[in-house]
Amino acid sequence: MMELSSQELFARGDNYGFNRMELYREKTRSLSLRVFNQEVDHYGIAENQGMALRALHGGKIGYAYSEKIDQASMANLLEQVQDNIRIISNSKGEIFSGSEEYQTINPYSAQLVGIKPEKKIELVKRLEQAAFNRDERVATVNYCLYSDLEIEKEIKNSMGLELNYANNLAYLYLSVVAKEGEEIRTGSHFMLTQDFSEFDVVKIANQAVDEAVSLFGASSLPSGNYPVILRYDVIADLLATFATTLSAESVQKGLSLFQGKLDQAVAAENVTIVDDPFFSGGAMTAPFDAEGVATRKKKVIEQGRLTTYLHNLKTARQDGVESTGNAFRGSYKGFIDIAPTNMYIEPGDIAYQELIASLERGIVIINVQGLHSGANPVSGDFSLGAYGYLVEDGKIIRPVDQITIAGNFLEVLKRIELVGDDFVMSLPGAGHFGAPSVMIKKLAVAGE
Amino acid sequence: MLDKGLVEDVIFAALASGGDFAEVFVENSYNNAIKMVSGEVEEAITGNDYGIGIRIFSGTNAVYAFTNNDSRDNLLKVAGEAARTLQGNFELNTLNFITGQPINRHPILVDLRSKTQQDKVELLKKANRSAKSYDDLISQVLVNYLENIQQVLIANSEGAFVEDERVRTRTMIQAVASRGNEKQTGFHGPGAQMGFELYDKIDIEEYAREAARMAVTMIKADFAPGGKMPVVIDNEFGGVIFHEACGHGLEATSVAKKTSIYADKLGEQIASQLVTAIDDGTIPNGWGSQNYDDEAVPMEKKVLIEKGVLKSYMVDRLNGRRMGSNPTGSGRRQSYRYAPTSRMTNTYIAAGNSSPEEIISATEYGLYARCMGGGSVNPATGEFNFSVREGYLIRDGKIAEPVRGATLIGKGSDVLKKIDLVGNNLGFGEGMCGSISGSVPAGIGQPMIRVSELTVGGRKESEQ
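Which chain is which? The protein sequence lines are A and B, in order. With our numbering, the residue at position 269 of the first sequence is 269, and numbering never jumps. Numbering-wise, our numbering comes out as the position in the second sequence, counting from 1, plus 1000.
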């Protein structure tokens, strides 16, 4: 493929009267494979690259992108950027000249790249087999997959800034369907790593299968308020859903539940939430953000107190603060937005079993559904389908399903009584979130 | 888009190690998005997606590879790499592409690119003003404008060679109402497979007012009660209940592997006799319509359920092989980055005989879901959840006070059997549906229906 020269593009951009220009390039390579009944049922190889131009004119920023890299595309990029600059209202746009210092990190694992495809296939087949071996009630392994992804990002601008880094990760994911009579239950588990030798197929299979079979005989509960343990993945999912409103942009637009809460207590004292762009093995680990600003680690909520919003250059300028290095762009196809990097609730020191033992009568929630629709990130309200276990006298006595949990995220944070030590990072999505299990004094549960 | 001879060579290269089916999918897409916040254009991005996906089958084993680099050398290299991951003993001797009369059911009258960005901004300003001026409680209006022109070339080793263009535009309006520290949102997002003429056919200001009305109604609403009760779900996007609770379970993606509760149930009564459900990719200019699916199969109209009896699944080529069924024009994908799989197009419950007034007045107490939000489902168990964007209680056969924060949960198989009234006011809404082949436009529809009993998740103690 022809390499587009940034110098040539910037030189042509000068003729359009653009004051500053930035070319962002992204390249990804990935492999994904699924096994079904010991056969490779999907094998995917992907190579993807694209570029985006941002240009500044009279303080206004226009965007354009292309996956076709040729002379005609270069002309289109410049024209489209110009058309878009014309309709932009805000004239306080900025293209960044660079931070003084960038953290030296190497989120790229060379070891991962050398693994042969045959080894990966063999691993996934063993995972499927381990699931069937664990329990004879496993009727189907509906998803058994491996994926690895490598991403390279580069920013070059017309002021001479040149930045780049590469990151890679691999994961295994298993989802099983277990059957007892006519009753069907599902369970899933995953593992994410940069070190191929860490994959433990038996552990993943056991967790997924044990969870599915533990749900046989589940039924609903009378509606009411219950003390609740939100398992590590459930509280991490809630955090992922509501952390979007830690963005200063949401706050400035009046669309954040954290509005007006800076330096105030927004969570219980035992809650500290960290945004860590240097987290080892984090999917969002990077030395610079989408605007080229150096990233940094910070406690966003420290012992319950909200210490900062997440900023990019635009919101930082409006609030008269420095960018926190949280400018985010989903890909070259997207706008620059704000997002957490690797964000997690710091673990406490209470074992999961002790959390359960602390409940006289309560519920452990191990899964919630409908976060994309049943949770309102602006108000913090949520009402979600859920399942888990009923606890009486400190012991799990039966599985529970067909219930919903409802409340407000800030109330949940404030009512966190105990913080577990069972910290896990979830599968990355539009960010990478983690948490330990937590115990909440009171949550509304609707059932029978 | 890509030379026929090269496409042919790529297909032969893909079958070099004995695969028995190969497909080339070339996509060139134009995308344009404008984001307006409180009447100000905040961002605008225009761009071009371009890539080639190559898929090979050997029996029911499949490999998929994609790249943006369309040079002959690279495409042959990628096809060869993909081929090496499969083994078979099929040999393709000759390939003659069949180019029939192309289907074109979705006329485009006004090219989206013939309008300037400023024309589009004027449209968004109208929507913004209309929502903002609806009520003093409206504190914020967000309007997102989207357009997409997707040109595709799909060819395969069975001789299919199809070129098609899909044109879609959508305007998404979100109104925020604030009172004290509280905020509630209302939303409308009209769209179609149409050019800019869409905005002559619909009244964008009316949609904006509706979004504002919803937000204002909800900010004044108390929390919904929780518990089991009859639920009346209104038409249009209310069809998301069928889409989630049943539609996904009828996709060959889960039927072929028997992970769906509807596998092996053709001919069985799976729903109340009042339920006839249809998936129709041929609706002219419909949001989820296309001339061809993404496997070069013409889209069709299928009766999925007739008077409660399961009649048909939605089948793609690969899962069709697993099930011994023909594809049904259901193979869809977000882009060349995804291998296609069976997906819904425009899916709806057909109109019944009851008027909406009759349904409400026949309900002594229950929840009226005037507007549904999104939802999701576990296809293996059929357990689903939906959020209710705009809800009311029904008391003594009349729509009473609005309630917020309600969620509907249940099992698809139960709900289908508990539909005891079906209205005569069939209507459609637009959604984006996510699954393993990415996010695709899905038309969603139904008339008003009543479910005799559903679990409503709410924060207030039940009243009954």
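Quick caveat, the hints were computed from the structure, so don't treat them as lab data. None of the values given here were measured: they were computed from a predicted structure. Take these hints with a grain of salt, some might be off.
[As the list claims (entries may be wrong)] Subject to a maximum C-alpha distance of 35 angstroms in a straight line, what follows is the list of computed DSBU-like cross-link-like pairs (lysine-lysine):
no., chain 1, residue 1, chain 2, residue 2
1, B, Lys1258, B, Lys1132
2, B, Lys1411, A, Lys60
3, B, Lys1220, A, Lys203
4, B, Lys1126, A, Lys119
[Unchecked claim] Residues of chain B clear of chain A, computed beta-carbon distances all greater than 10 angstroms:
no., residue
5, Gly1100
6, Thr1116
7, Gly1324
8, Ser1361
9, Asn1425
Glycine included, each C-beta is placed from N, C-alpha and C at the ideal position.
Taking the hints in turn, this is what the structure says about them:
{"no.": "1", "hint": "B:Lys1258 with B:Lys1132", "result": "violated (50 angstroms)"}
{"no.": "2", "hint": "B:Lys1411 with A:Lys60", "result": "violated (51 angstroms)"}
{"no.": "3", "hint": "B:Lys1220 with A:Lys203", "result": "violated (50 angstroms)"}
{"no.": "4", "hint": "B:Lys1126 with A:Lys119", "result": "violated (58 angstroms)"}
{"no.": "5", "hint": "Gly1100", "result": "holds (29 angstroms)"}
{"no.": "6", "hint": "Thr1116", "result": "violated (7 angstroms)"}
{"no.": "7", "hint": "Gly1324", "result": "holds (16 angstroms)"}
{"no.": "8", "hint": "Ser1361", "result": "holds (27 angstroms)"}
{"no.": "9", "hint": "Asn1425", "result": "holds (24 angstroms)"}
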